[in-house]
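Start from the sequences and build out the full structure, keeping to the hints where you can.
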Amino acid sequence: MSVGTVENVEVKAGKTRSLGDRLILTIDEGSIAFIRGSVFNQEGRSVAGAKVELAKIQEDGSTKKIDGRVTNETGSFVFRLTPDTAKYRITLKPSNAEPVSQDVEIDGAAVYRVALSVPAAPK
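Per this note's numbering, residue 1 is the first one in the sequence shown, and the count goes up by one each step.
Be aware that one or more of the hints could be misleading.
Computed spacing ranges between beta-carbons, pair by pair [said to hold, decoys possible]: (1) E98 - G44: 17 to 23 Å; (2) P119 - T74: 53 to 59 Å; (3) S76 - A97: 38 to 44 Å; (4) I57 - E10: 44 to 50 Å; (5) V9 - G49: 40 to 46 Å; (6) V111 - K64: 21 to 27 Å; (7) P83 - S46: 35 to 41 Å; (8) N8 - A115: 20 to 26 Å; (9) G49 - N8: 56 to 62 Å; (10) A109 - S62: 22 to 28 Å; (11) S62 - N41: 29 to 35 Å.
The hints are simulated quantities; they were obtained by calculation from the structure and are not laboratory data.
All values derive from a computational prediction rather than experimental measurement.
We treat Cβ as the ideally placed atom computed from N, Cα and C, and that holds for glycine.
What follows is the structure, encoded as structure tokens:
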């Protein structure tokens, strides 16, 4: 892939113009709210394959599940959201322990960071 410019491309109102595979547009990260997080075990090591859920906290305090992820090999996850003001709950659902949650308030386009730790398994 090379970087360059495409000039003098005319698009008439109500029409589309194909540029084939010659144009790749990237996401304007300044217009998105990201919740980026990591999951750790009790020893502070990254946990790959952990289930993480995202829920929006409603006005009445109830939650509505929006999305779910599984952490990658470095224990990381990311959710992309609209930058509208809202409150979200990130919940880690370990297979051998109680769920762990953390609330995050979004108030614009930015990166919001979360760290969750898997609780010790009950004895």
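The hints, checked one at a time:
1. E98 - G44: 17 to 23 Å: holds (20 Å)
2. P119 - T74: 53 to 59 Å: Hint violated: Cβ distance 21 Å, outside 53 to 59 Å.
3. S76 - A97: 38 to 44 Å: violated (20 Å)
4. I57 - E10: 44 to 50 Å: holds (47 Å)
5. V9 - G49: 40 to 46 Å: Given range 40 to 46 Å: holds, Cβ gap about 45 Å.
6. V111 - K64: 21 to 27 Å: With a Cβ separation near 23 Å, V111 and K64 satisfy 21 to 27 Å, so the hint holds.
7. P83 - S46: 35 to 41 Å: Check failed, 28 Å falls outside 35 to 41 Å.
8. N8 - A115: 20 to 26 Å: Violated - the Cβ-Cβ distance for N8 and A115, about 49 Å, lies outside 20 to 26 Å.
9. G49 - N8: 56 to 62 Å: violated (50 Å)
10. A109 - S62: 22 to 28 Å: Cβ of A109 to Cβ of S62: about 26 Å, so the range 22 to 28 Å holds.
11. S62 - N41: 29 to 35 Å: About 31 Å separates the Cβ atoms of S62 and N41, which means 29 to 35 Å holds.
Going down the numbered hints, you'll see the structure goes against 2, 3, 7, 8, 9, while the others check out.
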